[in-house]
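Participant: With chain A fixed as given, assemble chain B onto it according to the hints.
For reference, the chains in residue letters:
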Amino acid sequence: MLVYIHIPYCRGKCRYCAFSSQPLGRQGAANPHGPLAAYTSTLVAEIALWRQALGPVPVSSIFFGGGTPSLLAPQQVGSILEALHAAFRVASGAEISIEANPESALQPGWLAGVAAAGVNRLSFGVQSFHAEELRLLGRIHTAQQAIQAVEAAQRLPFNSISLDLMWGLPCAEEACPPVAASAGSPSATRAATALVRQAVSRWQTTLATAIALGPQHLSCYGLMLEEGTPLARQAEGNTLALPPDRTLTAQYLHTVHALRRAGFAQYEIANFAKPGHQCQHNLGYWHGEEYMGLGPAAVATVGSVRRTNPADVAAWHKAVVQCSPGKLPQGEEEHLTPATLEQELLMLALRTTQGLPLGPWAQRTGRAFTRQFSTLVDSLQRSGLATRTATHFALTPRGLLLSNAIIEQFFAALPAHSG
Amino acid sequence: MPRQEHIRNFSIIAHIDHGKSTLADRILECTKLVNERDKRAQYLDRMDIERERGITIKAQTVRIPYTADNGKEYVLNLIDTPGHVDFNYEVSRSLAACEGALLVVDASQGVEAQTLANVYLALDHNHEIIPILNKVDLASADVEKVKTEIEECIGLDCTDALPISAKTGLGVPAVLEAIVARLPAPEGDPEAPLKALIFDSWYDSYQGVMVLFRIMDGTIKKGDKIRLFSTGVEHDVLRLGVFSPDALDIDQLSAGEVGFFCGNIKSLGDARVGDTITHAARPASSAVDGFKDVQAMVFCGLYPTDSSDYEGLKAALEKLQLNDAAFSYEPETSQALGFGFRCGFLGLLHMEIIQERLEREFQMELIATAPSVIYRVVTTDGKTHHVANPAKLPDPGRITEFYEPYVRMEVHVPNEYVGNVMRLCDEKRGSQKDIRYLTATRVILTYELPFAEIVYDFFDRLKSSTKGYASMDYEFIDYQPANLVKLDMLINSDPVDALAVIVHRDKAYSLGRSIALKLKRTIPRQLFEVIIQAAIGNKVIARERNAPLGKNVTAKCYGGDITRKRKLLEKQKEGKKRMKRMGNVELPQEAFLAALTVGDD
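Chains as they are written, first to last, in my numbering: chain A, 1 to 419; chain B, 420 to 1020.
Next up, chain A with everything else stripped away, as it sits in the complex (with noise of 0.2 Å):
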């Protein structure tokens, strides 16, 4: 069992980010009475709702995300904790991750606070060294900052240092003019491949100096565009000018060919890693593991039940306080059919590079996985989006990056069913 904690608070919110997270101000954060630590005693009510309808499950990964979980004190987080421990078997060297924003991981004692309660696992919100780059995404830290704050976790007794960088991002208006020959003629041409060498070139600056930092795990995702933000409306008044295909697809294939370089392993389509690094957690997911979600708008998924609370955080501490014993709060719920679940584990398996592995599927499905999907499995590795082993079926970095054209056109030729 994974566990997934979910913190619904932000300093501030960033121009890109759909999440509905609630705007904390530095006296919120303080409070010994305020909104967090509110949000902690109802956490650990839920956690003993999940012990009573569970029982002493053994859970293997912890994860605090959000959000910003770097917003919890310490002892907060050592609350939580210890209340997990008292509820469950949790593994000894089990992966306890926090997200943090630099920032907030700054602030004197936090670092060391959370190493002390049992946090072995850090992931920095970085995104971007570049100044503009963070104001256009609206994030409050500086690159200096985030550099200080991986440098000082470093200094402490972490297992896992990750950073979360971001590529695809769009040119600020300032950095890169509108183009003014007319689109086709050849000085048009030569400014737009212009342009994309100058965003291959900021992203390999980002890359270059986080790989510098020696975090032992990167995540680098591409951007994108959630309806209702403040960048997506941005790009729609088009006062944003959003790279073309050919410069994400650089982007990605560099990524991809840097991190090996410098030594990390591509595990999943935005994940790197230094040998025995990779995030537990998150593999967790796309082995079709079951997870706990804990904290509003968390999904849980046990058994063939999905399991989502309320979003705004009075209505899950309602849904918390309100649940009778050996029941789960009161939320959405999805029952998923076998059929779904096997959508599901194709579709994240597929994330992975190390891929599906047919064993399993011939048992699950009672079908041989590249006998039921020949044609396709035959086109993919010839067309080299593809690799095969005796074990597994997985997906080149190339294939990755058309992930979603891929797995649709698996969804298209499973079996139909009522979904």
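Since the hints were derived computationally from the structure, they do not count as laboratory data. The C-beta atom is built at its ideal place from N, Cα and C for all residues, glycine as well. Be careful, since some hints might not be right.
[As the list claims (entries may be wrong)] Dumping the calculated EDC-like pairs for lysine to aspartate or glutamate here, alpha-carbon to alpha-carbon at most 20 Å:
{"hint": "1", "chain 1": "B", "residue 1": "Lys975", "chain 2": "A", "residue 2": "Asp245"}
{"hint": "2", "chain 1": "B", "residue 1": "Lys926", "chain 2": "B", "residue 2": "Glu963"}
{"hint": "3", "chain 1": "B", "residue 1": "Lys939", "chain 2": "B", "residue 2": "Asp916"}
{"hint": "4", "chain 1": "B", "residue 1": "Lys975", "chain 2": "A", "residue 2": "Glu289"}
{"hint": "5", "chain 1": "B", "residue 1": "Lys984", "chain 2": "A", "residue 2": "Glu333"}
{"hint": "6", "chain 1": "A", "residue 1": "Lys13", "chain 2": "A", "residue 2": "Glu132"}
{"hint": "7", "chain 1": "B", "residue 1": "Lys984", "chain 2": "A", "residue 2": "Glu334"}
{"hint": "8", "chain 1": "B", "residue 1": "Lys738", "chain 2": "B", "residue 2": "Glu784"}
[Stated by the list, open to error] Here chain A is said to cover these stretches of chain B; the calculated rule only asks that three of the stretch's residues, wherever they fall, bring their Cβ under 8 Å from a Cβ of chain A:
{"hint": "9", "stretch": "934-947"}
{"hint": "10", "stretch": "971-979"}
Facilitator: Same frame as chain A, but now just chain B:
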């Protein structure tokens, strides 16, 4: 021969939008046949498609009791006819059931090609015609000019033409009086052996085939045993009646009258339009003239998007054919599209209507191939083949003679567009036969051209090159020899049978290039490279390439994202349901119409 002095049988001839259905509505209201409560627009057009498109597909009749100003009571039978070239035969049969016609011309538009064609048909039947100028309330109406036009091009005296506004009802009572005063009463002997003309029939799921007829001679009674002339098949008259406007049972109908009967007839093929009804016991010596077999002129392949819907499509086609004997279908297999049907239609409108009804009334999701005409091919073994599907063309090495159907076409156009129309017709391999001035500013162009050229984008091109002012009509004349070749389209080196077209050799190169380009634009970029080629025999004449997709990836997918992401992919998959997969490549529905739409961009 006795006359039925109290009966008038008439039709209304008009171009689309000139106000035929509106006038019919006003006549029904004016005679109090339809009251305020039941009133609705286009009362006689029963199908949704008819109302929406403003066209009449099926003939209708309505029996209107009318007390004239002279105090006498009359029965007026309005026979509403289809008004499109595809249905010329049906129109001719409906006209044969009448003695007169109202010619409705939009006073702001003037005479159109379609009007003229139907007027000629009516004149062929020796009809008395009352010219009516509609929409005289519009500021743009020019009554005198349009009168001159009618007089000059039809030779119809317009001194007593009636100015009306079907919209407001202005002048409609005068129309009713004119029908009584100016149209001849039918004649026929009620005592003679029964001779009745079928001018429409349709299938009713409760009563079997309903037959609309006009009695020329004799009398028909409920319970009679009747015989159909062409087949000799006999039926009992189980139900006899008239539409007024709803079905009204009646015990007997005599010479000059119009009505319907049901006789437990299972198939439309047993009561075909144009056939003659007579009594089994006392048959007439001859049939009503003009009966013929209607031939499908345009063919296309119809395939279910989802191959598991094949049986559903088959059932839908069966049902549609129950109501439309002119439409034919037979099973066909395509490598690209799987199992489907080759369907035959009277013309392009007929084809569109059938496709639309399949999608609307039967919720079928269809892939239709580009329409084709029937080619006549003679092979080295001396056999003649009729080829309705380009993919089935015999090997070119075996072909000794190749013929295609030709039509004679009349285009009515304001003189400023004559040049454009002539250019279009030349491009479409037409040869000019005549050019006439209808008035000082309107011209009639007569061309002979291959029907295949009309089936492609002719209508749309004509419209756009004349800003919609041209109207046209055509009739088939004969088959003529032509230098034709089959143009194959290849996707990743595999010929796609459903994309093959037969074209004139001189046009093959340019068409091949445009279709390849059109396919390149229609086929979305996908996982794999797509190479599109056009070929004549083994010779590739055009090549286009679609590079594979660059990037399509979701950056994050953790515990909370799984459902959303799965649903997104499901939705994308659903969105592609209308795509046909050929090996690696997904072809959208529009790709199969590429040959039709090459001119669009």
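Participant: All the hints need checking, so say for each whether the structure fits it.
Facilitator: Hints and how they fare:
Distance hint between Lys975(B) and Asp245(A) is fulfilled; the C-alpha atoms sit about 18 Å from each other, no more than 20 Å. Distance restraint check for Lys926(B) and Glu963(B): the Cα-Cα separation of roughly 19 Å lies within the 20 Å cut-off, and the hinted pair is therefore satisfied. With a C-alpha separation of about 17 Å, the suggested pair Lys939(B) and Asp916(B) falls inside the 20 Å cut-off, and the hint holds. Pair hint Lys975(B) plus Glu289(A) holds up; C-alpha atoms about 17 Å apart against a cutoff of 20 Å.
Only pairs whose Cα atoms come within 20 Å are accepted, and Lys984(B) paired with Glu333(A) is accepted, the gap being roughly 17 Å. Distance restraint check for Lys13(A) and Glu132(A): the Cα-Cα separation of roughly 17 Å lies within the 20 Å cut-off, and the hinted pair is therefore satisfied. Annotation: proposed proximity of Lys984(B) to Glu334(A) holds, straight-line Cα distance about 14 Å (limit 20 Å). Restraint check for Lys738(B) and Glu784(B): the C-alpha separation of about 16 Å stays at or below 20 Å, so the hint holds.
Given a C-beta distance limit of less than 8 Å, the hint that chain A covers the stretch 934-947 of chain B holds, as 3 residues qualify and 3 suffice. For a cut-off of 8 Å, the count of residues in the stretch 971-979 of chain B with a CB near a CB of chain A stands at 9, and the three-residue condition holds.
Checked against the numbered hints given earlier, the structure satisfies every one of them.
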